[in-house]
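Colleague: Those sequence lines, one after another, are chains C and Z.
Residue numbers for the first sequence follow the numbering used here, so the first one is 18 and each next one is one higher.
Residue numbers for the second sequence follow the numbering used here, so the first one is 11 and each next one is one higher.
If you are wondering where the hints come from, they were derived from the structure by calculation, not from laboratory data.
Even glycine gets a Cβ: it sits at the ideal position worked out from N, Cα and C.
Treat the hints with care, since some could be wrong.
Said to hold, decoys possible - Here are the simulated DSSO-like cross-link-like pairs (lysine-lysine), alpha carbons at most 30 Å apart as the crow flies:
#1 C:LYS21 with Z:LYS84
#2 C:LYS166 with C:LYS61
#3 C:LYS291 with Z:LYS84
#4 Z:LYS137 with Z:LYS154
#5 Z:LYS226 with C:LYS291
#6 Z:LYS228 with C:LYS291
Claimed, not checked - Some, not all, of what chain C presents toward chain Z, calculated at C-beta under 7 Å:
#7 GLU35
#8 ALA89
#9 LEU118
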Amino acid sequence: MMTKAAVFGALISDTFQEARARWLFWGLFGLSTLLILLFLFVLKIDLVAGAVSLMGFEATTRHIDIHRFVMASYSWVSVFLYIWGTFLAIFASSGLIPSVLEPGRISLLLAKPLTRPMLLMGQYVGNVLVVASNHIYLICSIWIVIGLKTNIWEPRFLLAIASSLFIFAVLLCLVVLVGVISESSALSVMVAVAFMLISTILAQRQIVVRLLSSEWSRELWQGLYWIVPKVYDLAAAMRQIIVYDREADWVTPVWTSAVFGAVVLSTAVYIFRKRDF
Amino acid sequence: MPTEFAIETDALRKVYRSRFRGREIPAVSNLSLRVPQGIKYGLLGPNGAGKTTFVKMLLAAVHPTSGTAKLFGKDARDPEARRPIGYLPENHRFPTYFSGAGMLDFYAALSGVPAHERRRRVPEMLKLVGLEQWGDVRIKKYSKGMLQRLGLAQALMHRPRLLILDEPTDGVDPVGRRDIREILNGLTGTGVTVFINSHLLGEVESFCEYVAILHKGKLALEGKVSSLIAGRGYTVEATQVPNAAVAEMRRLGAAIAMTTDGLSVQVGSLEEANHLIDVIRAGGGLIESVSNSASSLEDVFIRTTRGEKAA
């Protein structure tokens, strides 16, 4: 049992090493750092006057509600992380599975006393943890900076870590599946991003279903909506909770997306087990 | 279950299918091979003979179409069967973000070596392969020969009982080859079984005790190197030889080549030839001819892979 845990740990550690060796991951952390620095040094908030300035220039001509400003900042950062952070994380992770499947590398890994599912899951979990470290770094730093500057500490903002990481973990299942089948990082990114876009379109089902003329096309649309991960719906729910502190249905998007991810990842593991290398 | 064989395959077969037409391409055909523990065994064959596919089936990287493969008596598909195996693949691609020491540590961790032992073994192995000054250097700076030596250290890190080396000196200069040979010679008497897959005849001839030649996915010849390359030996040709007699001849270490009508067996001495004839006749086989032979492994290899009888 200990040996299995140690082997799994070694696989995760390897993913971190590989991530560190890739410029894309440094880019991801660099962007996060820039954003943190923006809040730390550039944005100045005058609590008494209720004014906000950027690099000493007055950004507002009238007094503003600092609480509303903080909520707007939370909204902007969480949406930025959810969309762009997820996109960049997918882009950065896309090469990790194909690189492991390179002929001279995979044959040596498979010769070790570990199962194929363990090997693939080690890479998957390692990837998620690498991205988690970036998300935690970004959100926690901004939360602390804003908290220190405004004395407003809303723990709801930390939900942005969980939601962004969750949707990344679901889309990473697709990256793994496409990587295992095609060994192409470019195709992995294309498919994952396509699903992000399709999910956004499918989420407009209330409008679209009314416009569709035939029953079967309406059912097809509804069916696809339930199958595809709910990238848009989860983002909308997250915004409602974080910014407005309102009740929102986050359970449905989470469980349907989780089922999608589990099915896709299981398929990837199945194909990986069956393949010759 | 205790076994005397490090590798044991029974009618192992691999057929690839072309992606679109589904055409069958046989890579390995009904290969039954037994490699006793503690010996140095060479697997020879021209390019495309199925050597690498065979090795990959042993390591469960390729799934056999039919047949079985066992490592120390355990089904090769069981990950535990691979625990005592050290492997150096052909055209390996070690991750370049590792340092030499980091790479050894990682692969040893995957083999289940505890952290405290890895800390001790890494410098030992780097010293063994002459890379003690290079442990902290990223391996993308290593030459081909250095990578090969590091790969060998990787295969030895967890004290394997069976070392499978796929073209271990491919692309290595003569000095590097000698270094690798010396490291492998250092394993003599340690009980480690060395299985080398190579197309370099001289290397196999000088290092291995047993050899098998694969040709078009089939076992074309198998036996003791000393029998094959005897300056003066004997070739016995026979037909209608039962399987039990073939197994007995293999046990005696005779070099057996399958021919179109029967088999051709080579031994190193007159006494062995006579014993062989007894075995064949006792099993109901017919002796076709007995002749003197003198050959090198290269002669045997060329004759075998050209489809001629090994003499």
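Colleague: All the hints need checking, so say for each whether the structure fits it.
Modeller: A quick look at each hint next to the structure:
no.: 1; hint: C:LYS21 with Z:LYS84; in the structure: holds (20 Å)
no.: 2; hint: C:LYS166 with C:LYS61; in the structure: holds (8 Å)
no.: 3; hint: C:LYS291 with Z:LYS84; in the structure: holds (20 Å)
no.: 4; hint: Z:LYS137 with Z:LYS154; in the structure: holds (18 Å)
no.: 5; hint: Z:LYS226 with C:LYS291; in the structure: holds (25 Å)
no.: 6; hint: Z:LYS228 with C:LYS291; in the structure: holds (25 Å)
no.: 7; hint: GLU35; in the structure: holds (6 Å)
no.: 8; hint: ALA89; in the structure: violated (41 Å)
no.: 9; hint: LEU118; in the structure: violated (11 Å)
This entry does not satisfy hints 8 and 9, going by the numbered hints stated previously.
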